[in-house]
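Protein chains in written order, with the numbering used here: chain U, 5 to 238; chain H, 601 to 836.
These are calculated hints, taken from the structure and not from any lab test.
Even for Gly, the Cβ is constructed at its ideal location relative to N, Cα and C.
A few of these clues could be false.
A few chain H residues that face chain U, going by a derived Cβ cut-off under 8 Å, partial list only [to be verified]:
1. H652
2. L685
3. S705
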Amino acid sequence: MIDIFDGLIHAFWLVVTLDADLVEISLRSLQVTLTALVISSAIAMPLAAFLAVRRFRFRRFVIAVLNALMGLPPVVVGLIVYVFLSRSGPLGVLGLLFTPTAMVIAQTIIIIPLIASVAHQSLRDLWQEYHDLLISMNVSQTQKIKTLIWDARRALLTAALAGFGRGIGEVGAILIVGGNIDHATRVLTTAIALETGKGEFALALALGFVLIGLSIGVNLLIHSLSRTEREGRW
Amino acid sequence: MSFFPLVAEAAQSSRQGKVLIGPVDLILDGRGTTVVIGPNGSGKTSLLRLLHGAARLTGGQIRWACSREEAQHEMAFVFQRPVMLRRSVLDNIAYPLLVRGVRRSEAMQQARDWAARIGLGAMLERQATVLSGGEQQKLALARALITKPKLLFLDEPCAALDGRSVKEIETILGQAKTDGTALIMTTHDMGQARRLADDIVFLLKGKVHEQSPAKQFFETPRTEEAQAFLRGDILE
Ligand SMILES: Nc1ncnc2c1ncn2[C@@H]1O[C@H](COP(=O)(O)OP(=O)(O)O)[C@@H](O)[C@H]1O
Ligand SMILES: [Mg+2]
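For reference, chain U alone in the conformation it holds in the complex:
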């Protein structure tokens, strides 16, 4: 009990004094997840809009696959990416295993289905509203997609934040492909797992505080965004 209390105080101290290791790890976490988020959004959102606007034979199937992929266990994604990037794997020559790039790849794969699925729902609803009008104006396919993405931008931002939340808290996949190497691929979640294992509760708790802070921050942002959205302020 005393240990935990000491740990808490020490952890608090680490956060307040901006401990160098803590800052380094937090920044790497942000860097990896934000990069993955930008890439996933750039792929998932146009894909979602395309699925909303375009009818083609395998549309239902693609949507079902996306929804199923949302539930894909991150550890399995990590394993697959590991197999592809390992020295004997098809992409082994790139030498990406155990680098932040490998972690970005794994997180991108994990986040894409989530963002695409959430975005698709809002874009599909908006398309039902807009359909007759845009058809009557003879708007091209690309313009339809641009219009939908722009007019659903608040809902899409919420989707992106949900993706961020999933990425930043993910541990299984990045542990496998990143390797949790000090000063190279160590991020918040993998560091917490390691420090806890070592019995270093203070650093683990401090890292936990940062992670919780980020999650709460993102959720508050989602909340306030959906409020201003309803008021139509931006």
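Please build the complex by placing chain H with the ligands on the supplied structure of chain U, with the hints as guidance.
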């Protein structure tokens, strides 16, 4: 470039084996306003959608003096329930110009002029979705007219509006006509049909039952059904 005449020859639209409208033979020469009337479910909306190209043609043909692609750019459609883009009033009105590649500054200037013309000049930045029904329908009209279409389709544009809004919209339609836009509209308001129509198309059970100049239709309707409809009898 000439757009008229718009010619429908035995044009027909069906859905899941059920004929919604047609076969219809109709010629629009672009002079004045054609008002489509008829009982509920007689196919007024379907006729407009068919002529505009929004409904799939399942028989016969529709021709313009120009190609179909060119024609698409000369027509605009105003729906019974206006569709508002989730954007400001100004961005809604400018939208058709922007998707046609008009320069942004130019599009915004024209949109501002139109907003002023329809009395929305003081709410340019307001979200279109929060406007009243009458304001939304005026916005929809401005958005349809800003591309200077040769032919404007209106499906019951005043169906849910109060008297003042109806009057404002009829004024805008009058101006559009002066500016060289031909109108084809449906209405169930016989007063409106009398005020606006140059020609009447009377539909019954998905077919054109009578087509005549408005004056003649209202004064001496040829068919018994048209007489009954004008008396206010309920037609099946
Ligand atoms: N999407 C649709 N699917 C099946 N039937 C339809 C559809 N739209 C309209 N109809 C039918 O087509 C007929 C004509 O409808 P409509 O053109 O809307 O008539 P009006 O506008 O004169 O009231 C009606 O019998 C209606 O029930
Ligand atoms: Mg109708």
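Output the numbers, in ascending order, of every earlier hint that fails for this structure. Those not satisfied come down to hint 3.
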